Amino acid sequence: MELRFYNSYSRQIEAFQPIEPGKVRMYHCGPTVYQRPHIGNYRAFLFADLLRRVLEGYGYEVTQVMNLTDVGHLLNDADEGEDKLEAQARKDKVDPWQIVETVSRAFFQDLDALGVIPAHHYPCASDHISEMVAIIEVLIEKGHAYRVGDNVYFDVSTFSRYGQLSGNKVEDLVAGLRLEINEEKRHPADFALWKSDPAHIMKWDTVFGEHGFPGWHIECSAMAEKYLGKHFDIHTGGEDNVFPHHECEIAQSEAANEQAFVNLWMHTRFLQVDGGKMSKSLGNVYSLDDLVARGFSPWDYRFLVLRGHYRTQVNFTWEILRGAKESRAKLIDWRSRLRAAMRSGGGVDTPATIDAVTAAHEVFDAAIADDLNTPEAIAALFTLRNKLVQVGEAGSRTADAAIALLDHADSILGLFEPAAEVNVDSGALSDDQVEALIAERAEVRAAKNWARADEIRDALQTAGIVLEDTASGVHWHRG
RNA sequence: GGCGGCGUGGCCAAGUGGUAAGGCAAGGGAUUGCAAAUCCCUCAUCCCCAGUUCGAUUCUGGGCGCCGCCUCCA
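Heads up: the first sequence begins at 6 in the working numbering, then just goes up one per residue.
Keep in mind that the hints were calculated from the coordinates and are not lab data.
Nothing here was measured: the structure is a model prediction, and the numbers come from that model.
Hints are not guaranteed to be accurate.
[Claimed, not checked] Heads up, simulated DSS-like pairs for lysine-lysine below, C-alpha to C-alpha not over 27 Å straight-line: (1) K89 to K282; (2) K89 to K231; (3) K28 to K174; (4) K98 to K208; (5) K190 to K96; (6) K208 to K147; (7) K235 to K174; (8) K330 to K282; (9) K147 to K285; (10) K392 to K330; (11) K174 to K190; (12) K392 to K98; (13) K174 to K208; (14) K96 to K285; (15) K231 to K96; (16) K96 to K208; (17) K392 to K335; (18) K285 to K330; (19) K89 to K285; (20) K231 to K208; (21) K147 to K190; (22) K208 to K190; (23) K335 to K28; (24) K208 to K89; (25) K89 to K147.
[Stated by the list, open to error] Here are the simulated distance ranges between beta carbons: (26) Q40 to H413: 36 to 46 Å; (27) D354 to G62: 20 to 30 Å; (28) G478 to S284: 49 to 59 Å; (29) R16 to P203: 42 to 52 Å.
We treat Cβ as the ideally placed atom computed from N, Cα and C, and that holds for glycine.
Between the sequences and the hints, there should be enough to build the whole structure, so can you do that?
Here you go:
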């Protein structure tokens with residue numbers, strides 16, 4: 006099935022076509038490691054993971070790069086702003102590099118907890134200063150950038166496509182400027198490639214002086230080129246990156262290399278909390294730990310994110326997270342029941358049930374191929390569940406096919422937490438033991454020996470065995 | 001002021017020019033020694049107005065409301 010994605014640049018859905026057959030190179034704007042990433046950040050990273058899984062599912066050899074911004078960009082792009090990392094460091098009374106270290110570690114732990122497949126490269130901005138300087142020199146040489154003292158700015162007027170991605174016009178940008186005009190710039194919309202400030206802690210000695218540091222956008226141009234080449238397939242980020250960040254990246258890279266930079270731009274919409282933007286003052290900037298502290302798995306959050314399309318705003322509340330958790334639990338439970346059905350072999354396969362699985366599989370794949378419509382794909386799983394449950398216990402062929410579909414869905418969406426799996430498998434009771442206990446329970450219940458019956462029930466429950474007292478007898482599966 | 005998105009049942013969330021997938025919650029029922037789990041059933045006319053059309057939730061225009069970007073931010 007043909008993959009189709011919405012391209013922010015063309016503003017339409019396009020058939021996906023890699024530059025090099027069978028291979029996909031993609032870049033994701035990663036976290037700024039000066040503060041513990043919050044759940045909103047992870048929506049974008051979860052999206053990158055989804056993309057990776059889908060592309061690999063289609064057999065592409067994917068090279069994935071996500072940068073870590075460890076250079077504290079200015080709080081204020083206009084001029085002598087304060088450096089974010091340094092400001093945080095002063096607040097914490099530590100060295101900025103220590104913050105980078107601490108936050109980076111938390112970031113990778115979170116990714117792991119969310120079941121994100123690691124990217125192939127996680128380059129840091131601070132390790133690529135020379136690559137950035139090289140691009141800036143080329144831009145100056147080609148007349149796209151100019152130096153004022155030890156600062157360097159990109160000359161927007163030399164790049165006619167500036168504004169194409171975001172839909173902004175340079176004139177409108179100027180009209181809407183809320184910042185003080187930086188007199189150094191030739192044009193108010195020009196942006197910094199390199200800045201200098203002796204007071205900075207994080208600074209580098211380069212051809213532009215000894216107290217310099219990179220502008221906000223140049224790092225991604227430099228690292229993307231280094232790991233993926235001058236022209237690659239996909240670049241993603243949050244919606245806030247569209248302007249100015251990605252707009253500037255395009256200008257820098259294309260002006261310097263005189264060729265196309267990225268074929269496909271994809272942006273995720275923000276996660277909202279309590280119906281609006283999360284904010285510290287409202288106290289709703291949650292980290293993954295906050296969710297875990299309330300008894301949720303990071304995978305529940307992952308599921309919550311996937312239940313919404315990546316290009317729509319998704320709201321987060323505890324109630325919504327609870328709904329996601331319950332929903333996912335139902336899927337986990339269903340898989341266990343299917344496994345039990347395989348084991349018992351008591352169900353009957355019919356052409357209808359087999360066809361239902363095949364149909365669900367097709368709907369699932371079609372939904373994913375259609376610009377990653379994960380909500381619809383997930384719904385296909387539940388629709389199948391309902392159909393199969395209606396006809397009773399699934400036959401082994403049906404169950405086998407349904408489990409295969411769930412595994413397929415899991416490989417793309419990441420539904421089932423591996424750790425939970427281990428717990429179940431380590432259950433102390435063998436199938437035979439479970440059967441024996443259930444048989445005994447039936448006997449003592451017939452004898453109205455409720456004490457022993459409840460004892461067995463509790464023992465089974467402790468071992469992670471779920472009992473279902475149905476009209477057709479007792480069914481069981483591992484929780 | 002400029003650019004963009006959204007408005008579907010209590011809460012989430014797909015979707016189509018021909019009378020609305022799915023999940024959670026809720027209510028009723030079955031089952032049960034009690035409970036859990038399970039199963040069955042019930043639960044929307046798609047923000048408002050006008051237009052196009054045989055027919056619009058889906059297209060067009062207007063209105064109202066909400067959200068985001070334009071300044072660090074996924």
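Against the structure, the hints come out as follows:
no. : hint                     : result
1   : K89 to K282              : holds (21 Å)
2   : K89 to K231              : holds (26 Å)
3   : K28 to K174              : violated (35 Å)
4   : K98 to K208              : holds (19 Å)
5   : K190 to K96              : violated (32 Å)
6   : K208 to K147             : holds (26 Å)
7   : K235 to K174             : holds (26 Å)
8   : K330 to K282             : holds (23 Å)
9   : K147 to K285             : violated (44 Å)
10  : K392 to K330             : holds (22 Å)
11  : K174 to K190             : holds (18 Å)
12  : K392 to K98              : violated (60 Å)
13  : K174 to K208             : violated (33 Å)
14  : K96 to K285              : holds (16 Å)
15  : K231 to K96              : violated (34 Å)
16  : K96 to K208              : holds (19 Å)
17  : K392 to K335             : holds (15 Å)
18  : K285 to K330             : holds (25 Å)
19  : K89 to K285              : holds (16 Å)
20  : K231 to K208             : holds (22 Å)
21  : K147 to K190             : holds (18 Å)
22  : K208 to K190             : holds (22 Å)
23  : K335 to K28              : violated (36 Å)
24  : K208 to K89              : holds (13 Å)
25  : K89 to K147              : violated (32 Å)
26  : Q40 to H413: 36 to 46 Å  : holds (37 Å)
27  : D354 to G62: 20 to 30 Å  : holds (27 Å)
28  : G478 to S284: 49 to 59 Å : holds (55 Å)
29  : R16 to P203: 42 to 52 Å  : holds (44 Å)
Hint compliance for this structure: hints 3, 5, 9, 12, 13, 15, 23 and 25 are not met, and every other hint is.
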